[in-house]
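Start from the sequences and build out the full structure, keeping to the hints where you can.
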Amino acid sequence: GESVGLHLPTLSVQEGDNSIINCAYSNSASDYFIWYKQESGKGPQFIIDIRSNMDKRQGQRVTVLLNKTVKHLSLQIAATQPGDSAVYFCAETPMDNFNKFYFGSGTKLNVKP
Amino acid sequence: DVKVTQSSRYLVKRTGEKVFLECVQDMDHENMFWYRQDPGLGLRLIYFSYDVKMKEKGDIPEGYSVSREKKERFSLILESASTNQTSMYLCASSFTSFRGGSGNTIYFGEGSWLTVV
Chain A
23 GESVGLHLPT
33 LSVQEGDNSI
43 INCAYSNSAS
53 DYFIWYKQES
63 GKGPQFIIDI
73 RSNMDKRQGQ
83 RVTVLLNKTV
93 KHLSLQIAAT
103 QPGDSAVYFC
113 AETPMDNFNK
123 FYFGSGTKLN
133 VKP
Chain B
1083 DVKVTQSSRY
1093 LVKRTGEKVF
1103 LECVQDMDHE
1113 NMFWYRQDPG
1123 LGLRLIYFSY
1133 DVKMKEKGDI
1143 PEGYSVSREK
1153 KERFSLILES
1163 ASTNQTSMYL
1173 CASSFTSFRG
1183 GSGNTIYFGE
1193 GSWLTVV
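In the order they appear, the protein sequences are chains A and B.
Residue numbers for the first sequence follow our numbering, so the first one is 23 and each next one is one higher.
Residue numbers for the second sequence follow our numbering, so the first one is 1083 and each next one is one higher.
Calculated directly from the structure, the hints in this document are not laboratory data.
Zero decoy hints are in this set.
Computed spacing ranges between beta-carbons, pair by pair: (1) M1109/B - E61/A: 17 to 23 Å; (2) K93/A - M1136/B: 31 to 37 Å; (3) T32/A - D1141/B: 23 to 29 Å; (4) N132/A - T1168/B: 23 to 29 Å; (5) S1162/B - K93/A: 40 to 46 Å; (6) E1099/B - D77/A: 49 to 55 Å; (7) T1168/B - P135/A: 30 to 36 Å; (8) T32/A - R1181/B: 32 to 38 Å.
Covered stretches of chain A (in silico footprint by chain B; criterion: 3 or more residues with CB under 8 Å from a CB of chain B, positions within the stretch not fixed): (9) 62-71; (10) 107-117; (11) 121-133.
Since the structure is predicted, the reported quantities are computational estimates derived from the model, not experimental observations.
From the three backbone atoms N, C-alpha and C, an ideal C-beta is built for every residue, glycine too.
What follows is the structure, encoded as structure tokens:
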């Protein structure tokens, strides 16, 4: 079946450094990918998304890269701040079925001051 | 701003009690979902609904039921709460058809922490 997973369960970075969080997916029919941030005790918050017809998309301090050849998704956070400390997870859905979302288990990002 | 509101943030219930978790969304989404989130297990789908009065079982429906009488409201019901249902419950919603941009994102509520003693 489909699965979405993460390479690193915990990532520690120094404040001001860039962070890269990775995600692998197995469903080649996936069309739409989303990154979420979940702070302790809160619900997941949308960060950025990308469709399968794109390789890269940029937001404010965040960039998502999609490599369809190896089914790999990454989230880059520039100049990481203490407020970025959270669990980040990816999600994907096939474009012909928005009833189906597949979620990764998450990577915990620790930002050291 | 998109909004999914879960009425109860923290609940403590006794084993055997009936529990209602309510969720309201203001985005006119067709789809609504109930997930539970446990450490190390990620998000697991309990039930989802793609229209009023319509529902489908997710991956872990046992011990739960749902109700969707209005488009904006989706309720999760634990008929007889058990200690293994202690968890964080997340409600979410999304559109069912392609909208473009970020219109097909699934949006989450803040979560309901349920403890069954």
